[in-house]
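With the hints as extra help, turn the sequences into a complete structure.
Residue numbers (this note's numbering), protein chains in the order written: chain A, 1 to 114; chain B, 1001 to 1903.
FYI, nobody ran anything at the bench for these hints, they're computed from the structure. Be aware that a few hints might be false.
With the C-beta cut set under 7 Å, the calculated list includes, among others, these residues of chain A facing chain B [claimed, not checked]: (1) Tyr30; (2) Gln48; (3) Gly49; (4) Lys78.
Heads up, the beta-carbon is just placed ideally off N, CA and C, and yes, glycines get one too.
In case you want the letters, here they are:
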Amino acid sequence: MPDSASSILQGTLDLMVLKTLEHLGPLHGYGIALRIEQLGERALLVNQGTVYLCLVRLVQKKWIKAEWGVSDNNRKAKFYALTKAGRKQLQAETANWERVAGVMGRVLNPQSGS
Amino acid sequence: MLAFFNTIAARIRGFLRPGDRESDFDREMAAHLEMAEEDGRRRGLTIEEARRDARVKLGGTTQLRESWRAASGLTWLDGFALDARLGLRMLRRSWGLTLAGGLAMTIVITIATVAFVFLDEFMGRTAPPLDEGDRVVALQSWDVEAHRRRDVSRRDLERWGATLQSVKDLGGFQTIERRLTIDGRPAEWVRVAEITASGFRLARVVPLLGRWIGEGDEQPGAASVVVLGYDVWQSRFASNRAVIGQTVRLGESIHTVIGVMPEGFAFPVNHRYWIPLRSDHAGSLKAAPEGAVFARLAPGVSLDRAQAELTTIGLLPQATTPSGRSPAQPTTGDARRPRVVPYTFAFTDDVERGELAWQQRIILLLISLLLVPPCLNIAILVYARTVTRQEEFAARFALGATRSRIVVQLCVEALVLSSAAGAVALAITRPILFQIGEIIRRLPALGGSLPFWVDFDFSWRVGPFVAGLCVLAALIAGLVPALQATGRVLPVALRSLGSRTRIPLGATWTALIVTQVALAMALLPSTMELAWGNLRPAVLGPGFPAGDFLTARLAVDSQRIPTAEPDLPAFAARVRDVQIQVIRQIDTEFGVSAATFATAVPGAEPLTLVEMDEGASSGGSVRRYVRANEVDRSFFEIFGVPMLAGRAFDGRDFGSAATAIVDQTFVRQVVGDGTAIGRRVRPVAAPGAEAGPWYEIVGIVPDRPANTSQGRMYLPAVPGTRGAAGPIHVALHAGTDPAATSRRLQEINTNLDPILRVDDVRRLDEVLAESQMGGHLTSYALAIVTLSVLVLSAAGLYALMSFAVTLRRREIGIRTALGAQPGRLLASIFGRALRQIAGGVIVGVALALVLHRWLNIEVEGGWHIPGILPAAAIFILAIGLLSAAGPARRAVRVDPTEALRDG
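Structure follows, in structure tokens:
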């Protein structure tokens, strides 16, 4: 169901990128895209380029910062890292997501909630 | 919220550095693809497969780049910059449109900006340039019924000063005129501020030398002191620092100089001399602009709170307060109310505060509306050009550009033009404002200088105003034709893309161009006659050597006019005696045949409405505006004016006989055919008002000054008959040394009864030049407006003709190939357009006739030019033909082969 996958992505890609950077530390765009593909079993990313649009947005908001560096394979790559503001935003977004997911879980499955 | 602002800032940075941004993106994509390829190869793919796989997973790079640009920059600003560049290119290409449209826009934006600065200076500014100037206020007595500012009694001033808590440094001033005598210099009349000591505390400006006026100086019996302005100190005392302690004579009393104020200080209005307002001064303080009560709002107090407190305290009744009566209770019928207003507002006019803001807005709106006619003209040209660019737009439309995108592009192009016009307007407004400032400064009421808060400089408000005008101009000139063109042109152009079928200009637009021609034709004769009428006196001269004459004004010292009604007749008799005395003295000094007097300076006489007795040429009573002067017996002799018919004034005319002498223009305009001698004329105060007594015309003289458009009527003048305050003017031969004569006239002043003064001594040619200045400005304004209408008409006609050629290019090609004669070809192509122009000219001629009849050109200061109407019609037709010359050349040069291939 690619349609539903992409619509989920619109709202959650920022959160996934932030979480990835928190979990793995500074990482280049390709690495982030690969990680999201792996976790989402290739269902969440329409294409890897979408990650870069998300990264531009997050840099502009100063939630992440970008810096040119050298990759494990000795290649020049742009590395993204979480900022202090980004960390706070991630906490807020995670709490919000868990609250929404909890509510949605109870709505969709009333028996398990009671 | 912070994230939002960060995003905006980052996008602006991205917009400003597009090159860095793009290369960064390219490098990042390259790195991504390399890493993805390496991964692919590790998974066992070939190089080609790995490369393909990496690109597929990344997605379409073009689309990604566009999305990334949209996310990282300011897309609309990028588009705007591109449109602006295209607009500049179009301005260079369509230089005809640029010149014609730019000129018209510049003229209107300049007029509107000048008006805006003027209104802003005199009406809009509320804070004078003083320390915390916005806290300085004026307290007034406002007559709500008469809608006028009234004098404030000295007792009210004291009461307000003693009781008001919401203001401090309360005080007052009034302007008086005094004859200043400094040792060794001729006396001169100066404007002096009689001011309370608090005025200096309020202004918070430290004296350059000495001290301010203090409370002690206001006390009865205190020594008379004066504080001087910087200019006075420089010009009269040669910047001598030992001026303190020296004495000057102001009127009847000797004043000791106690201080000199720094450069630029002119509080309360435009003063250079300050003397204390004595506390025993029993009269009232004159209402603004000649006087005012000023104060500074106490810290933390608003204008409204001050008003509330002042309303509670109120004004004393106008009559003497009977003991035991509350002063806060106004007497019955007393419509005066105290009010607090921002300081500079007090000097604006007799208006309420809100009212002024509305007046200002309405004036600005009307001025801004001036933009509409020239912008509509430009809209015609822009539309015409847009239609010629139909293929360009159709191609863009086909490639995916939306209609709104094309509309925006056309609007931005118009904005580029209007912005250029706005920039030029801003540049030329400053010198124009300077000139206007100089003219206003010379007004006698201002005493040679403007209020100290008026500098005719640009405030920050001018920027948004001009920017707003530019946007308005761009919307009218760009949006209307853009919507029309994209609505009409695009579908046709799209269908015909490739076949090159062209759409016609459209009936509405053609009609507009023809209307424009009619308008130009209608306006041209009247504006030419008006302009010539105004310029004629300067070009052809006054008909006599005006530079050989000096004029001087004998004016009553307004301070000495009694306020009590019963004293007036005795005062008037005294004025009359002194006037006779002065005239005798001048006669003795310069010779009877050298000097004369009149109630107005020749050439600057007031306009008066007069009517003839029955039997005038038109059969009924004719009413016309003429210039009227009252002159003494020697007036015509001194100016060397011969009698053309009838007789000069003699002894009987200066008694009870009511006689008049008129000039040739008067006879032509008012009397018409038949003899004027023996006919009767009388002044009418205003249309509909009761007429004055009849005067019998006894003589006819040539026009003096000559070449003006208004007739003149002379009545015999008797000193003192103009009432107590009416000034009279002396005119005399300047002799071989005009400067010496002028000095001697000034000196006569010092020996006179102080109720009368001799001032405004000037050469008559200067007076004439000044009286013509307004007319010259009118002429220039008319010339500029006419020129812009003509230029726009010519540009419109050019567009019309160009269309005729472009539309029929194929037909021209065929006919040329078939051997058609160029003359016949042109006649058939332009025949229709020329018929339209001729129609416009005919309608214009009819309108011009109506306008001429309705306007009464000579009364408005114009001069009838014989044959102006046919000349104007020929001129307009010539412009039409000239506009057709370029397109005609193109038409006869059309290459049949190319035209057939393209078409």
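Hint check:
1. Using the Cβ-Cβ criterion of 7 Å, the hint placing tyrosine 30 of chain A at the interface with chain B is satisfied: the shortest such distance is roughly 5 Å.
2. With a cut of 7 Å, the hint placing glutamine 48 of chain A at the interface with chain B holds, because the nearest CB-to-CB distance is about 5 Å.
3. Here the hint on glycine 49 of chain A is kept, as its CB sits about 4 Å from the closest CB of chain B, short of 7 Å.
4. Look at lysine 78 of chain A: its Cβ gets to within about 5 Å of chain B, closer than 7 Å, so that hint holds up.
Checked against the numbered hints above, the structure violates none of them.
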